[in-house]
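All chains, please: the whole structure from these sequences, using the hints.
In the order they appear, the protein sequences are chains R and C.
For the first sequence, position 186 matches number 185 in numbering that gives the first Met the number 0, and the numbering has no gaps at all.
For the second sequence, position 147 matches number 146 in numbering that gives the first Met the number 0, and the numbering has no gaps at all.
Derived from the structure by calculation, the hints contain no laboratory data.
Hints may be right or wrong, so weigh each one.
[Stated by the list, open to error] Calculated pairs, DSSO-like style, for lysine-lysine (alpha carbon to alpha carbon, straight line, at most 27 angstroms):
#1 C:Lys69 <-> C:Lys168
#2 C:Lys114 <-> C:Lys179
#3 C:Lys69 <-> R:Lys33
#4 C:Lys114 <-> R:Lys123
#5 R:Lys88 <-> C:Lys168
#6 C:Lys168 <-> R:Lys107
#7 C:Lys168 <-> R:Lys123
#8 C:Lys98 <-> C:Lys69
#9 R:Lys107 <-> R:Lys123
#10 C:Lys69 <-> R:Lys88
#11 C:Lys69 <-> C:Lys136
#12 R:Lys88 <-> C:Lys114
#13 R:Lys101 <-> C:Lys69
#14 C:Lys69 <-> C:Lys179
#15 C:Lys114 <-> C:Lys168
#16 C:Lys197 <-> C:Lys114
#17 C:Lys178 <-> C:Lys168
#18 R:Lys191 <-> R:Lys217
#19 R:Lys123 <-> C:Lys69
#20 R:Lys101 <-> R:Lys88
[What the hints assert, rightly or not] Derived coverage of chain R by chain C (criterion: at least 3 residues anywhere in the stretch with Cβ under 8 angstroms from a Cβ of chain C; other residues may be distant):
#21 22-35
#22 75-86
#23 121-131
[Stated by the list, open to error] Facing chain C, according to a computed beta carbon distance under 8 angstroms, are these residues of chain R, among others:
#24 Thr2
#25 Asn39
#26 Ser40
#27 Thr41
#28 Thr141
#29 His143
#30 Val145
#31 Tyr253
#32 Glu254
#33 Ala255
#34 Pro256
#35 Tyr257
#36 Gln259
#37 Thr260
We put the CB at the ideal spot given by N, CA and C, even for glycine.
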Amino acid sequence: MKTGIGVFIAAAVALGASWAGLVLAPSLQLGNAKLTTVLNSTDAYPLQRPGMAAVGLQVYRANGCAACHTQQVQQDGSTFEVALTGAGKDPVTVSNLVATLKLTGLTKEAADAAAATIGAAGGKTETHLTATGADIARGWGTRHSVAADYLYDAPVQPGSLRAGPDLANIGVRAADANWQLVHLYAPRAVVKDSTMPSFAYLFEVRPVGAMPSAEALKLPAGFTAPAGFEVVPTMAAKQLAAYLLSLRSDAPLYEAPYSQTAKP
Amino acid sequence: MSEDQQKNCCEHSSGEPTATRSSAPIWIIVLTLALLFLGGVYFDHNSGWFNPRVYAPYQTAEQLDAYQPKSGAAAALARGKGVYESVCGICHGADGLGKPGMAPPLAGSEWVLTKGFNRLAHIPLAGVNGAITVEGKDWTMAMAAMGAALPDDDLAAVLTYIRGSWGNKAGPITGDDIKKIRAELGKNPAPVTGDQLKALPE
Chain R
0 MKTGIGVFIA
10 AAVALGASWA
20 GLVLAPSLQL
30 GNAKLTTVLN
40 STDAYPLQRP
50 GMAAVGLQVY
60 RANGCAACHT
70 QQVQQDGSTF
80 EVALTGAGKD
90 PVTVSNLVAT
100 LKLTGLTKEA
110 ADAAAATIGA
120 AGGKTETHLT
130 ATGADIARGW
140 GTRHSVAADY
150 LYDAPVQPGS
160 LRAGPDLANI
170 GVRAADANWQ
180 LVHLYAPRAV
190 VKDSTMPSFA
200 YLFEVRPVGA
210 MPSAEALKLP
220 AGFTAPAGFE
230 VVPTMAAKQL
240 AAYLLSLRSD
250 APLYEAPYSQ
260 TAKP
Chain C
0 MSEDQQKNCC
10 EHSSGEPTAT
20 RSSAPIWIIV
30 LTLALLFLGG
40 VYFDHNSGWF
50 NPRVYAPYQT
60 AEQLDAYQPK
70 SGAAAALARG
80 KGVYESVCGI
90 CHGADGLGKP
100 GMAPPLAGSE
110 WVLTKGFNRL
120 AHIPLAGVNG
130 AITVEGKDWT
140 MAMAAMGAAL
150 PDDDLAAVLT
160 YIRGSWGNKA
170 GPITGDDIKK
180 IRAELGKNPA
190 PVTGDQLKAL
200 PE
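Here it is, written out as structure tokens:
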């Protein structure tokens, strides 16, 4: 075979190119990722998961949660909104002007123009940035997921199939340990029509005995243990619940900015 | 197999096959170059040039810079709410109404709704130890200097939140204000009582 060396070189180039693109470039780009800070503050992000939650990641992995749940919020774009914060010396003119302007769902340029128009009339404004996209509309997050969200996870569990909802912010959506445990024990008890299997084997149904356990689940009617028995989470269940509660990727970051406009 | 048949069957093949040279058609070269060009344009437009902080839907670091939201009053309140709930709310309550026998209310408190914020800032920075009257009720307090370990801007945000929530309407505080008061107090200031606070300027 006279062209053997040519075939070898071509194969090496093809494999080398895909290795460079899929392994080398991402490693150079994100391999040295460090702690970042929350936007407009000095808070470090992300925080180490507490001990129980760090072990809970392995329970999450062992039970194959990532087979049906993702942990990655997608974002399609972002919109701006101009909010009036002060009417200045001439409130009537400013409020008349504001009534004529479109102040929500703006592009960056339109928002700057609207803010400048109101500013020229003496009003004070704040410009708010909101992330948009199907996942965000479903309430799964406030911004897209970025590499910093997974900094301390080994292995990262981003998932690829959504038989269940995205869990990137489940700790924000359901910040109640009892809810998480009840949901793991009997998913239909708290989410009607849920297709999630019950993880009852992470719990122990045992006789109440002399003293009821402080950790016993508070189950809704119809799902309670037989009389004289109580449902107590095992260590694995508590670790998994702690991990789920620690899933909070909602801090605004430089690479994933949005305006926090939570009203007190 | 006879010699005749063998000759018949293999008339056209003479020995080993050989590769011959032929030039590639020009359209393949043009197509490849066009695809490379389009790929380059797409890459230039969407990649952020390998900047690790640029993610879709953002396209360049410049765009990301321009999109950064300013830290407005709403952001400070949201930040203060977070700090309040993790540091202060445990005793003073998420609703600012305090807890009997534990911590006095902050909603409507005369110590919060002062014109200035010097007295108010002393409370988390130095702590309170002893008698203090809040909204007509006498308290005997032993509050640690909960704010001493907080960064200036965190403490400013939480005081701004306390002064602007639950019906309270008092002005905001900035991190620089806190820095000044912290510098005046020095390291490990002694906890104050209500009377000592009253002796301070508002």
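We went through each hint and held it up to the structure:
no.	hint	result
1	C:Lys69 <-> C:Lys168	holds, 23 angstroms
2	C:Lys114 <-> C:Lys179	holds, 17 angstroms
3	C:Lys69 <-> R:Lys33	holds, 24 angstroms
4	C:Lys114 <-> R:Lys123	holds, 23 angstroms
5	R:Lys88 <-> C:Lys168	holds, 20 angstroms
6	C:Lys168 <-> R:Lys107	violated, 32 angstroms
7	C:Lys168 <-> R:Lys123	holds, 19 angstroms
8	C:Lys98 <-> C:Lys69	violated, 36 angstroms
9	R:Lys107 <-> R:Lys123	holds, 18 angstroms
10	C:Lys69 <-> R:Lys88	holds, 24 angstroms
11	C:Lys69 <-> C:Lys136	violated, 41 angstroms
12	R:Lys88 <-> C:Lys114	holds, 23 angstroms
13	R:Lys101 <-> C:Lys69	holds, 21 angstroms
14	C:Lys69 <-> C:Lys179	holds, 24 angstroms
15	C:Lys114 <-> C:Lys168	holds, 10 angstroms
16	C:Lys197 <-> C:Lys114	holds, 13 angstroms
17	C:Lys178 <-> C:Lys168	holds, 23 angstroms
18	R:Lys191 <-> R:Lys217	holds, 17 angstroms
19	R:Lys123 <-> C:Lys69	holds, 14 angstroms
20	R:Lys101 <-> R:Lys88	holds, 22 angstroms
21	22-35	holds (count 5)
22	75-86	holds (count 5)
23	121-131	holds (count 4)
24	Thr2	holds, 6 angstroms
25	Asn39	holds, 4 angstroms
26	Ser40	holds, 6 angstroms
27	Thr41	holds, 5 angstroms
28	Thr141	violated, 11 angstroms
29	His143	holds, 6 angstroms
30	Val145	holds, 6 angstroms
31	Tyr253	holds, 6 angstroms
32	Glu254	holds, 4 angstroms
33	Ala255	holds, 7 angstroms
34	Pro256	holds, 5 angstroms
35	Tyr257	holds, 7 angstroms
36	Gln259	holds, 4 angstroms
37	Thr260	holds, 5 angstroms
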